[in-house]
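Which chain is which? The protein sequence lines are A and B, in order.
In terms of the numbering used here, the first sequence is numbered consecutively and its last residue is 59.
In terms of the numbering used here, the second sequence is numbered consecutively and its last residue is 237.
Source of the hints: derived by calculation from the structure; they are not laboratory data.
Computed from a predicted structure; not experimentally measured.
Any given hint could turn out to be false.
Calculated lysine to any residue pairs in the SDA-like style (CA-CA distance at most 25 Å, straight line) [to be verified]:
#1 K(-13)/A to G195/B
#2 K54/A to K87/B
#3 K87/B to T64/B
#4 K85/B to R151/B
#5 K129/B to D38/A
#6 K103/B to K47/A
#7 K47/A to T64/B
#8 K103/B to I32/A
#9 K85/B to T147/B
#10 K103/B to K54/A
#11 K51/B to D173/B
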Amino acid sequence: MTNLEKYRNAFVEGLGVSEDQVDGLTFQAVPAWDSVGHMSLIAALEDAFDIVFDTDDIVDFSSFEKGKEILAKYDIVI
Amino acid sequence: MNVRTLTSELLGSHCYLLIDGDHCTVIDPGDKGLIDPVITEEQLTVDQVILTHEHCDHVYGLSDVKEKYHCPVIASEKCNDNLKDSRKNFSQYYNAFLGVQNRYDTDAQKEIEPFTTSADEVFEGEKTIEWRGHHIYMRETPGHSPGSICIVVDDELLFSGDTLMGEDVTETNFIGGSAEDLREKTMPWLESLPGCLKVYAGHGDSFVLRNRLNDKEI
């Protein structure tokens, strides 16, 4: 599985959204991605890539695209 | 028996003291130092702690209570499992959660460090204890979290944790939460209870069960 597939799967599992909703998704664009769902998404990403996010990065993780930039800080290229 | 409500700075979660004579049972010691002033002033003996679920805003003060009062802590087995994991008890994410909320619509609140803790007496399904002549029935009510329980005291009072809230819809999208479990396992049981029960929830005001079940979406 590629990193992009793992990344997209984390959104599907963490937020419970469908695959076709994932690309370009932003915080609060769907009901599932509220502040509570955000934490489930973060947990799913941490599990998928075996990392632990810094608090500031969790707060800054505001979109599907922004998340790619943040993961790069953990040496994960999407 | 009196019920004393103490409200924590952590998301306004409630800790409840069930006071009978000079003894008490603590439900959800959500913050450090929350119960000590009352225990000291009223010279109470803490007989036990019961946890409605594993989330940090309900258990942040647990380790202090255990250390100070040396009392047993009762929780569901799943709750206990998750207490031992700072991600699953949410303390790992709590400050970030506040950060995300503050960025959009709320004022700053108290921050905490990630922690783990544990219970002493765990159960699966249901458990009943007698305490100073009071009947305390505990039952797993998954949905908000895997380890959630509700507590019925003397067939009069229901301590619902975050399983059933007075004003808000029950959050089921926390890590391990399940809307299906809430709907399929927990709601049928809640709906089978006497409607006259007075409900003390994990946040917000108390209410009468039948009013809430008939009122709006859970």
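Hints and how they fare:
1. K(-13)/A to G195/B: Cα-Cα ~20 Å, so holds.
2. K54/A to K87/B: 43 Å, violated
3. K87/B to T64/B: Roughly 11 Å separates the two Cα atoms, so the pair holds.
4. K85/B to R151/B: Measuring from Cα to Cα gives roughly 21 Å; hence the hint holds.
5. K129/B to D38/A: With Cα atoms ~19 Å apart, K129/B and D38/A stay inside 25 Å; holds.
6. K103/B to K47/A: 32 Å, violated
7. K47/A to T64/B: Violated, at roughly 53 Å.
8. K103/B to I32/A: 19 Å, holds
9. K85/B to T147/B: 22 Å, holds
10. K103/B to K54/A: 29 Å, violated
11. K51/B to D173/B: Outside the cut-off at roughly 29 Å; violated.
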